[in-house]
Amino acid sequence: AQSVAQPEDQVNVAEGNPLTVKCTYSVSGNPYLFWYVQYPNRGLQFLLKYITGDNLVKGSYGFEAEFNKSQTSFHLKKPSALVSDSALYFCAVSLTLNFNKFYFGSGTKLNVKP
Amino acid sequence: DVKVTQSSRYLVKRTGEKVFLECVQDMDHENMFWYRQDPGLGLRLIYFSYDVKMKEKGDIPEGYSVSREKKERFSLILESASTNQTSMYLCASSLMGDEKLFFGSGTQLSVL
Chain B
1 AQSVAQPEDQ VNVAEGNPLT VKCTYSVSGN PYLFWYVQYP NRGLQFLLKY ITGDNLVKGS
61 YGFEAEFNKS QTSFHLKKPS ALVSDSALYF CAVSLTLNFN KFYFGSGTKL NVKP
Chain G
1 DVKVTQSSRY LVKRTGEKVF LECVQDMDHE NMFWYRQDPG LGLRLIYFSY DVKMKEKGDI
61 PEGYSVSREK KERFSLILES ASTNQTSMYL CASSLMGDEK LFFGSGTQLS VL
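As you go down the protein sequences, you meet chains B and G in turn. Residue 1 is where the first sequence starts when you use my numbering, and the numbers rise one by one after that. Residue 1 is where the second sequence starts when you use my numbering, and the numbers rise one by one after that.
No lab work stands behind these hints, which were simulated from the structure alone. Given the structure is predicted, the values throughout are model-derived calculations rather than measurements. Glycine included, C-beta positions come from ideal geometry on N, C-alpha and C. Relax, there's no trap hidden among the hints.
Per label pair, the in silico range of CB-to-CB distance:
hint	chain 1	residue 1	chain 2	residue 2	range
1	G	E79	B	K101	22 to 28 Å
2	B	E66	G	G63	37 to 43 Å
3	B	R42	G	E79	27 to 33 Å
4	G	S67	B	N12	39 to 45 Å
5	B	E66	G	N84	36 to 42 Å
6	B	G62	G	M27	23 to 29 Å
7	G	D98	B	S26	22 to 28 Å
8	G	G63	B	K101	16 to 22 Å
9	G	L95	B	P7	30 to 36 Å
10	G	S82	B	S26	28 to 34 Å
Sequences are here, hints too, so could you generate the full structure?
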């Protein structure tokens, strides 16, 4: 069975500090990996993707993520957190280039404190 | 900008009622999706559609059906609502072969 794990329900970080939101996956075949962010009372918004190529990908709002095939991970990072980054973050994987089926993690709530 | 609009932000229904959740997108996307979002479970796919009148079951289709009579509109139907269908329902759309999903703001459905 395909699965995506976000081991932390919540991550707390002080403004200005680096942040990491963890994601690991267990799938058969080559994964195409994504991060989405959900602000309160809003739908999910696309942040970044890994399809192929450089393992370090950069996305919106200064976020980046590193694809690590040996550890089957795709952790989301940002060098300096902002209070406005506080939101719910979802990792997702697609197994096909049709991108018509995604498996989502359970979500991680990021709290950035001033 | 792509806009995915869900007709209701909050909905309260009684057990046994037939419930319609509507979703409209304005960017001529071929793919449309219905997910439900539950705390600790993330998003789970109920149904998706890749063309008018075409649909495929997702991971949790039981108790739901869908309708896509026009390209821009994708409806989720709860034939007989039950309390375990209380959830946040999210609609999404995408271009065929494109990896980026565009989501609506969600409908919080409570079944009493």
